[in-house]
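Asks: These protein sequence lines are chains B and U, in that order.
Under full-length UniProt numbering, the first residue of the first sequence carries the number 1, and numbering increases by one thereafter.
Under full-length UniProt numbering, the first residue of the second sequence carries the number 1, and numbering increases by one thereafter.
These are calculated hints, taken from the structure and not from any lab test.
Please note that a few of the clues may not be correct.
For lysine-lysine, the following DSSO-like pairs were computed, each having C-alpha atoms within a straight-line distance of at most 30 Å [as the list claims (entries may be wrong)]: (1) LYS324(B) x LYS233(B); (2) LYS328(U) x LYS306(B); (3) LYS153(B) x LYS176(B); (4) LYS58(B) x LYS328(U); (5) LYS462(U) x LYS324(B); (6) LYS153(B) x LYS252(U); (7) LYS506(U) x LYS287(B); (8) LYS58(B) x LYS208(U); (9) LYS287(B) x LYS306(B); (10) LYS287(B) x LYS153(B); (11) LYS149(U) x LYS252(U); (12) LYS448(B) x LYS225(B); (13) LYS252(U) x LYS226(U); (14) LYS208(U) x LYS176(B); (15) LYS252(U) x LYS405(U); (16) LYS149(U) x LYS328(U); (17) LYS506(U) x LYS487(U); (18) LYS324(B) x LYS208(U); (19) LYS324(B) x LYS226(U); (20) LYS324(B) x LYS224(U); (21) LYS365(B) x LYS381(B); (22) LYS306(B) x LYS506(U); (23) LYS405(U) x LYS17(B); (24) LYS287(B) x LYS233(B); (25) LYS506(U) x LYS234(B); (26) LYS324(B) x LYS287(B); (27) LYS153(B) x LYS208(U); (28) LYS176(B) x LYS17(B); (29) LYS390(B) x LYS448(B); (30) LYS287(B) x LYS225(B); (31) LYS17(B) x LYS226(U).
A partial selection of chain U residues facing chain B, derived with a Cβ cut-off under 8 Å [stated by the list, open to error]: (32) PHE24; (33) ARG28; (34) SER44; (35) SER87; (36) GLY96; (37) ALA162; (38) HIS165.
C-beta atoms are modelled at their ideal positions from N, C-alpha and C, and glycine is treated no differently.
Chain by chain, the residues:
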Amino acid sequence: MRYLPLTQDDRQAMLAKVGAQSIDDLFVDVPEAARLNGAIPGLPMHASEMAVERHLSKLAARNLTAGQAPFFLGCGAYKHHVPASVDHIIQRGEFLTAYTPYQPEIAQGTLQMLFEFQTQVARLFGTEVANASMYDGSTACWEAIVMAGRVTKRSRAILSTGLHPHYVSVANTMAKFTGDTLVTGAPELTAEPDTDSLIEQIDDHTSCVVVQYPDILGRIGDLSKLAEAAHAKKALLIAVVTEPVALGAIKSPGEMGADIVVGEGQSLGVGLQFGGPYVGLFGCSQKLVRQMPGRLAGETVDAEGKRGYVLTLSTREQHIRREKATSNICTNSGLCALAFSIHMTLLGESGLRKLAALNHGRAVKAAEALTAIPGVELVNKSFFNEFTVKLPREARPVVRELAERGILAGVSLGRLYPAEDALGNGLVVAVTETAEAEDIQALADGLKEVLA
Amino acid sequence: MSINQSGWRPEMGDAQGSNDAPTFTGNRALMLEEPLIFEIADNSTTGVDFAEEDMPASRLGGLERQSDIGLPGLSEPETVRHYTRLSRQNYAIDLGLFPLGSCTMKHNPRLNERMARLPGFADIHPLQPVDSVQGALECIHELAEWLVKLTNMSSVAMSPKAGAHGELCGILAIRAALEARGEQRDVVLVPESAHGTNPATAAFAGYKVQAIAVTPDGRVDLDKLKERLGPDVAAVMITNPNTCGLFERDMKAISDAVHEAGGYVYCDGANFNAIVGRVRPGDLGVDAMHINLHKTFSTPHGGGGPGSGPVVFSAALTPFAPLPFVEKRDDGFHLVEEETADEHHGQSFGRMVAFHGQMGMFTRALSYIMSHGADGLRQVAEDAVLNANYILRSLEDVLEAPFGKGPCMHEALFGDAGIAEGLSTLDIAKALIDEGYHPMTMYFPLVVHGAMLIEPTETESKADLDQFIGALRSVVERARAGDESLKGAPYHAPRRRLDETQAARKPVLVWQEPELAQAAE
Chain B
1 MRYLPLTQDD RQAMLAKVGA QSIDDLFVDV PEAARLNGAI PGLPMHASEM
51 AVERHLSKLA ARNLTAGQAP FFLGCGAYKH HVPASVDHII QRGEFLTAYT
101 PYQPEIAQGT LQMLFEFQTQ VARLFGTEVA NASMYDGSTA CWEAIVMAGR
151 VTKRSRAILS TGLHPHYVSV ANTMAKFTGD TLVTGAPELT AEPDTDSLIE
201 QIDDHTSCVV VQYPDILGRI GDLSKLAEAA HAKKALLIAV VTEPVALGAI
251 KSPGEMGADI VVGEGQSLGV GLQFGGPYVG LFGCSQKLVR QMPGRLAGET
301 VDAEGKRGYV LTLSTREQHI RREKATSNIC TNSGLCALAF SIHMTLLGES
351 GLRKLAALNH GRAVKAAEAL TAIPGVELVN KSFFNEFTVK LPREARPVVR
401 ELAERGILAG VSLGRLYPAE DALGNGLVVA VTETAEAEDI QALADGLKEV
451 LA
Chain U
1 MSINQSGWRP EMGDAQGSND APTFTGNRAL MLEEPLIFEI ADNSTTGVDF
51 AEEDMPASRL GGLERQSDIG LPGLSEPETV RHYTRLSRQN YAIDLGLFPL
101 GSCTMKHNPR LNERMARLPG FADIHPLQPV DSVQGALECI HELAEWLVKL
151 TNMSSVAMSP KAGAHGELCG ILAIRAALEA RGEQRDVVLV PESAHGTNPA
201 TAAFAGYKVQ AIAVTPDGRV DLDKLKERLG PDVAAVMITN PNTCGLFERD
251 MKAISDAVHE AGGYVYCDGA NFNAIVGRVR PGDLGVDAMH INLHKTFSTP
301 HGGGGPGSGP VVFSAALTPF APLPFVEKRD DGFHLVEEET ADEHHGQSFG
351 RMVAFHGQMG MFTRALSYIM SHGADGLRQV AEDAVLNANY ILRSLEDVLE
401 APFGKGPCMH EALFGDAGIA EGLSTLDIAK ALIDEGYHPM TMYFPLVVHG
451 AMLIEPTETE SKADLDQFIG ALRSVVERAR AGDESLKGAP YHAPRRRLDE
501 TQAARKPVLV WQEPELAQAA E
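Just chain B, same shape as in the assembly (with noise of 0.2 Å):
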């Protein structure tokens, strides 16, 4: 077996060493009726390089990816192209194979590292200070509702319709067992995001209000004015960034006065991979830090008084505070973390204004392509890479139909709001600097010939 180094030599001597017959002896304490004898049975047994890759590569085969078809699907996930370099710098053994950094004299590669990632995430999101990291956009979302209850001490939030359902979803899962309660409900295919429905709602027990910036429907709303009406009744404004490119083009949700910006990261460096793994982002204001779940790299010095950092405000998780701990999440996204940095590294300032910039010119142009066709209709008054249209019949058979031409046209509403009826013709479609003018062409024929 490739993996183990001990040869039957070397396990003879190891258990004369402690004192065992055989590897029966070390396993005495488990009960005679557990024990197994052999290989479990109707399972296979070892296999080779060359056969494991063979059966995952016809596994792979099977599936129609982002690269063989025009693409334009979004709605929390992105595809973006990542530099070659990324991919090589993340793999290096010394960040794929290193342990979170407990041991800070022999990790300062990822604790600056995560450093370096904080303050990027903490400039976009136009936030004070970072974490370095939480599971995915969706997580990172619910527990910035759990920290606002610790913050205001009040339960009811208010989630945006224009919030991610899948994300709307997972906040109802969780407030079910901890006692919030949240005000939820499904979009309306209108011009303008719920915004003013949004400040109306707002109450003396509202802990958050809850805000996709661009939201599901690519709308982009000023949040300036719903901060205002939130503070004004002591609540908490969380903004929600499923596409951090956006960014490089919008203003951030922190210079509009959000208190928690949470997002999902995929965008950069991460890649698609079928929904997972990716990397939440998580940022909020520095007299908030001491509610913030997840783990913080701090600088400090060492004991010659060299600058180096450690993971800092320990006191807050769960390995030290145990059930009086902010969250229980340990292990979090570092390497996606790593992989979003290397990537925001090399874009810079100017490439990401750039990149988004470029997003932002072929969505308005695949928006016009789209809606040159009879009865197609742009929802939005603005967007930046993504946007809704109505068609003129149910989205959700449309794009699977173009799915079997080789067109993956964007995500019909119905796939995610399966039961709102007034969403089936809406369909979402995101544009990122992948779609060439030909596949921008592409999905215009397409569409039409299905709908025709």
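Starting from the known structure of chain B, arrange chain U on it as the hints suggest.
Replies: Just chain U, lined up with the frame of chain B:
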């Protein structure tokens, strides 16, 4: 013929000399200091080229960003060098033995990395029509089948993102099952030796956490547990093998007692590596157990994640498992989500994450599991246990082994008795760094004073174990003899001991331009 016309001759130099004077750069040969990107980069540099094209009029709703973000960029060569230099300040399993107890730092096979990067797995979107991702769903289903068979349980929830998330999944299913029975139970029992995530999880799910008594031999006290069980106890969370590195001999009896009292048994599967292929938790009466794919099944820890924590369930808890999940039917693989769930899975407690879990970890874990097969996985457990016992028996003459009468499982636990006054477990750990090792887990579990928990895993050779044992013995002997120099260790790492108190008292969590940082003080 000679091509050296200069008269230069290679010489050995003066080996007696030493030079502690600082270098101009602060570097020490291969030990390179690296500034922050914010100190070496600027906002106009980029390492990515984009097509130039005409842009249509903006439709950003008047919210165009006006101010600078403050994100410095580097060219590709500078970027590669920055991160390569940083990487060299890290210890890693690729460099040597990484004996962190309870963390299972085993070799990460590179085949797994290659498999995870196949475009058919890496470049597909979670919301693609299911007909276009049949191979991905089959991959998830295949791994799920392995996990169910290896544990002899009824089903598995694949979506939890890490171990702690898996614990939450298990506890939420238990709570949903109790509610379905119309019962309000509000206590979860957790032994003091448990991972911190256990009590944190139970509290997060709204339970009161109470301690379970432990016997002097490091195991759950069955009699005391039986006394404590009652109509208020929702669940017992037990780690097996436990965090003292011992198998809970009474596990089946514990499960029976808990079930009899109407509760459920949650097993923390962090230590599954010790028993995989040899013992199935389903045979011990467990109702729910998370499996850390990043421990037992070798997906890389990545400096703190991503992990993956599928949860196996007993028949009793299966109806309450989270959505979505993959189901095999006659016409192919389906994704059971909220909309399709009502017919068969209406009791599910709901969704835990946006999509379907850690696909990138599933491919790696399946690659690892197939590589080993049922026979190889059994050998994994045996070698992991043998390696730990070898360490236990090789060091018990110099280190106190509080539960060392019988064999241990996959990790050897020592206490700090016998260490000279004024020296501590921390000093031993830091001195191990100078010997070229990552230290063991320190001060955990809490039930042993100055605990040192050593988990070598099965991917260490005998020669590597012997060298580690020699190094630790040498350090311990110094500690027993009162060698005060240990307090200064490490001496040879990229940094000496770091001031964690200062870091926590005045947290600096993001970089600021020096003038701004000064003004803030």
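Asks: Below or equal to 30 Å on CA atoms is what counts here, so check LYS176(B) against LYS17(B).
Replies: violated (54 Å)
Asks: LYS287(B) and LYS225(B): Cα distance at most 30 Å?
Replies: holds (22 Å)
Asks: Should the interface hint for PHE24(U) be scored as holding, given a Cβ-Cβ cut-off of 8 Å against chain B?
Replies: violated (16 Å)
Asks: Straight-line Cα separation of LYS506(U) and LYS287(B) no greater than 30 Å?
Replies: Given pair LYS506(U), LYS287(B) holds - Cα atoms ~12 Å apart, limit 30 Å.
Asks: Compare the distance between the alpha carbons of LYS324(B) and LYS233(B) with 30 Å, and conclude whether the hinted pair is satisfied.
Replies: holds (28 Å)
Asks: Keeping to a limit of 30 Å between CA atoms, is the pair of LYS149(U) and LYS328(U) held or broken?
Replies: Answer holds: LYS149(U) to LYS328(U) is near 16 Å, not above 30 Å.
Asks: Sort out whether LYS405(U) lies within 30 Å of LYS252(U), counting only the CA atoms.
Replies: With a Cα-Cα distance of about 22 Å, the restraint between LYS252(U) and LYS405(U) holds, given a limit of 30 Å.
Asks: Taken at face value, is the distance from the CA of LYS234(B) to the CA of LYS506(U) at most 30 Å?
Replies: The hint holds at about 27 Å.
Asks: Is LYS306(B) close enough to LYS506(U), meaning Cα to Cα at most 30 Å?
Replies: holds (17 Å)
Asks: Taking 30 Å as the top limit, are the C-alpha atoms of LYS328(U) and LYS306(B) close enough?
Replies: Cα-Cα ~58 Å, so violated.
Asks: For a C-alpha distance cap of 30 Å, please report whether LYS17(B) and LYS226(U) respect it.
Replies: violated (39 Å)
Asks: Does SER44(U) hold up as a contact with chain B if the rule is Cβ-Cβ below 8 Å?
Replies: Where the cut-off is 8 Å and the nearest Cβ of chain B is about 5 Å from SER44(U), the hint holds.
Hints 2, 5, 6, 8, 12, 28, 31, 32, 33 and 36 from the earlier list are contradicted by this structure; the remaining hints agree with it.
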